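Asker: Protein chains in written order, with our numbering: chain A, 1 to 505; chain B, 506 to 688.
Keep in mind that the hints were calculated from the coordinates and are not lab data.
Values in this document were obtained by computation on a predicted structure and should not be read as measured data.
Note that the Cβ used here is the ideal one computed from N, Cα and C, for glycine as well.
Be careful, since some hints might not be right.
[Said to hold, decoys possible] Here are some of the chain B residues that sit facing chain A, going by a computed Cβ distance under 10 Å:
hint, residue
1, Gln557
2, Gln582
3, Gly622
4, Gly626
5, Met651
[Claimed, not checked] Listed below are several chain B residues computed to face chain A (Cβ distance under 10 Å; list not exhaustive):
hint, residue
6, Pro568
7, Tyr573
8, Val585
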Amino acid sequence: MSNPFKKVLIANRGEIAVRITKTLQEMGLQVIALYSDADKNALHVRMADEAYHLPGNTAAETYLQQGLILDIAKQANADAIHPGYGFLSENAAFAKACKQAGIMFIGPKPEVIESMGDKIVAKAIMEKAGVPVVPGWSGDLDMSKLAGELKTLSKAADAIGYPLLVKAAAGGGGKGMRLVHKASELPDALESAAREAQNAFGDNRIFLEKYITRPRHVEFQIFGDDHGNVVHLFERECSIQRRHQKIIEETPSPALTPELRDAMGQAAINAAKAIHYTNAGTVEFILSEDGSFYFLEVNTRLQVEHPVTEMVTRQDLVQAQIAVAQGEPLPFKQDNLTQTGHAIECRIYAEDASRNFMPSIGQLVHYLPPDGPGIRVDSGVDSGAEVSIHYDPMLSKLIVWAEDRKKAMAKAEWALNHFPVLGVMTNTCFLRDVIKHPQFQSGVIHTHFLEEHSITSEHTMEDIPDVVWAAVALALGNGHGLESERTLTHNGESPWLLANGWRAY
Amino acid sequence: MGRIQLTLPGHDQPVVIDLTLNGSALTVGCHKPDTDSPQTLQARIISQKENQGLLEIDGQVVPYYTAYSDPGKKMVQIWVLGNLYTFEKIPIGAKRSRGGNQGISNASGDLKATMPGKVLGIKVTVGDSVSPDDTIIIMESMKMEMSLNAPFKGIVKSIGVNEGDVVEINTLLAQLQPETIND
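Full structure from sequences and hints, please.
Answerer: Next comes the structure, spelled out in C-alpha cells:
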C-alpha cells in the first residue's frame with residue numbers, strides 16, 4: 001500500500017528545513033518552503049522549489065499558523081508535511097488536521113503524540129509496559145491542608161529514599177520543584193513547592209521523585225513502520241547541557257557497555273511497541289552513576305541531534321521517514337544496523353558566551369563553516385544572513401565523525417578552530433573549550449557538567465598573545481584604524497601596497 | 506609610521522601597538538599596560554581585502570577575518586587563530602570612556618536593555634518604591650527570558666517603553682532614583 005509522494009511541504013525554517021530539503025530533492029521530490037517576513041531571503045527559501053509567505057514574524061503569527069499552513073499545503077498540492085522539530089512537530093491537533101485534510105503528516109499517529117505529550121500519562125504507560133521509570137510517588141492530595149497529609153507524604157518519601165525531588169504536577173521550567181536532602185527538610189519543601197505551583201500554574205498538586213545525582217542523559221533513536229517493524233538505532237549521549245538545553249551530543253556514549261546498550265535498546269523497543277510507534281522518535285533515559293536507567297520521555301519527532309546517529313549507522317533518517325510515511329516497510333532491520341566509529345555534534349548558537357550566553361543578533365559578515373573528511377555542517381544560514389530576535393539562536397550544527405572518540409574530539413576541536421563567524425557572537429570557542437576539558441576528554445560527563453566545571457571562554461588582556469595584538473593592528477591598518485595611516489613611507493608607498501603575495505613556485 | 510590603541514571592552518588600560526616599516530618588512534611593537542618595554546614582532550602582509558587577510562607574524566601564517574559591530578567602527582570583531590575577539594579602538598591621546606554596558610549603571614539608575622529584544626512585561630509604575638533585586642522589566646529575545654532588576658533601593662522615576670515594544674541593545678528602559686538616606 002505504498003503511496004509515493006511528489007511534493008512535500010516543510011513546515012519549518014533554519015537548518016532543519018535546509019537539511020530536510022536536501023534529502024527530499026535527492027529523492028526527486030518537490031519541496032515547498034514557508035517563510036515569515038524576516039525569512040524572505042533565508043537559505044531554506046532559496047533552496048526550495050516553491051515558497052509561500054506567512055505574514056508576520058513571531059512564531060505564533062507564522063510557523064505555528066496551523067490553518068494557514070494547511071491551506072497552503074492544499075493549494076500547492078502537497079502530498080505530505082514534514083514538521084521538522086519544534087513548532088508544530090509535536091502538535092497532535094495539527095497532525096489530526098493534516099490527516100483529515102488528506103495530507104500525510106510525517107511523524108507518528110496523532111494519538112501517540114498526544115499520549116506522550118502528557119508526562120504523567122507517558123510515565124504510567126511505560127511503567128505498565130515494564131520500562132523502568134524513576135521511582136516516585138504521586139497521588140491526589142489536598143495540599144492546602146498539608147498538615148493532615150504530611151504523614152502520608154513522609155512515609156512515601158522514606159520509601160523512595162533521600163535525596164528526592166518535590167515536583168509540581170503541572171510543572172515546567174523548574175517552577176514548583178524542590179530538592180530535599182533529608183527528612184527534616186521535607187515539610188518546608190512541600191509547602192513552598194505547592195505554594196509556588198499554585199502561584200505559577202493555578203494547580204498545587206505535587207508528586208515525589210527519586211533524585212538521581214550526577215545523571216547522564218542517554219537517549220535511543222527508535223523507528224517504526226506500519227508493518228509492525230520496530231528498531232532502535234543505538235544511543236546518543238546528550239549530557240552536556242546548559243539551562244536544560246543540549247549543546248554537545250555524541251554516539252556511542254562513553255558510559256555504555258555492550259550489555260547496558262542491549263538492555264537499554266531493548267527497553268526503548270519495548271517503549272516503542274507499547275505505543276505502536278511509527279516513524280522516527282526518541283526514547284530518553286536518565287542513566288545514574290550505578291548503571292541503572294530510567295525512562296524520561298518520548299520525543300515524537302526527528303531530533304536536533306539525529307545527525308550523529310546518521311554518521312555512525314550510515315543511514316539517512318529523513319529518507320527513512322519518507323519511506324515509512326509512504327507506507328513502505330523500514331529500509332533497515334535491527335540485525336543490519338551497526339554502530340561504526342564515533343560522532344560528535346556541537347550546536348552553534350548566536351550568543352555571547354562571555355556575557356552569560358546572551359543572544360547576539362546582527363548580520364553575518366562572515367559565515368565560513370569548516371570542511372574536510374568526516375566533517376558535516378548542517379547550516380540554516382550563510383554569509384550575509386540576518387540573525388533576528390524572532391527565532392531560536394541556533395545557526396547550525398557541526399557534526400564530526402572519526403574511527404574512535406579520541407579522534408572525533410580532535411576533529412571537533414580542529415573544526416571549531418576553523419569556523420569563522422563574524423557579525424554576531426557565537427559559542428564556537430566555548431564549545432571547543434568544553435571538548436578540550438580533561439573531564440570531557442575522559443568521558444566522565446553528566447547533566448550538571450557545565451555547572452560543576454566553570455568553563456569560561458572569556459579573554460583577559462594578559463592572556464591574549466602578542467601575535468593577536470599584532471594581527472589586529474595589521475588588519476586595522478588596512479585603510480582604517482591607524483592614526484597616521486596616510487603618512488607616506490620613505491619610498492612613497494603605503495606598506496599595504498608593498499605587501500607581496502606568496503612566493504611563486 | 507603608525508600607532509593604534511586597543512582594549513577589550515570594559516578595560517581601562519589599552520595596549521599600544523606601533524608599526525614601523527623596515528624595507529618591505531613590518532616591525533610591530535606591542536606595548537601592554539604594566540610592562541616596561543614593548544614586545545617586538547616581525548610581520549608581513551601576504552594578502553589583504555576589505556575585511557579579511559593573510560599575515561605572516563614571526564614566521565607564523567595567520568589568516569584573519571574582521572567585522573565592525575557598531576556603525577561608528579569603534580568596536581571591531583576579529584577572528585584570528587581559532588578565537589573571536591572584540592576590541593575597542595581608543596583614539597590616541599584620548600582617555601577611555603568609563604564603564605562597560607552592563608545594563609544598569611548604578612550611579613545614574615538608568616536601566617538599559619542588555620540585549621536587543623521584546624519587552625514582555627513591566628512590573629512597576631512611575632512612583633513605585635523598589636528594593637534591590639525587585640524585577641522592573643522582563644525582556645525576551647530568541648525565546649530566552651530575562652528580568653532586569655533594581656540595583657538599589659529607590660523610586661521609579663520614568664519608564665521609557667511599553668509592553669510589546671521591540672528595542673535595540675542599550676535602549677533606556679526605565680530610570681530609578683536612589684532613595685536618599687536621612688531624608
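Asker: Just pull the numbers of the violated hints for me, sorted ascending.
Answerer: When the structure is compared with the hints, only number 4 turns out to be violated.
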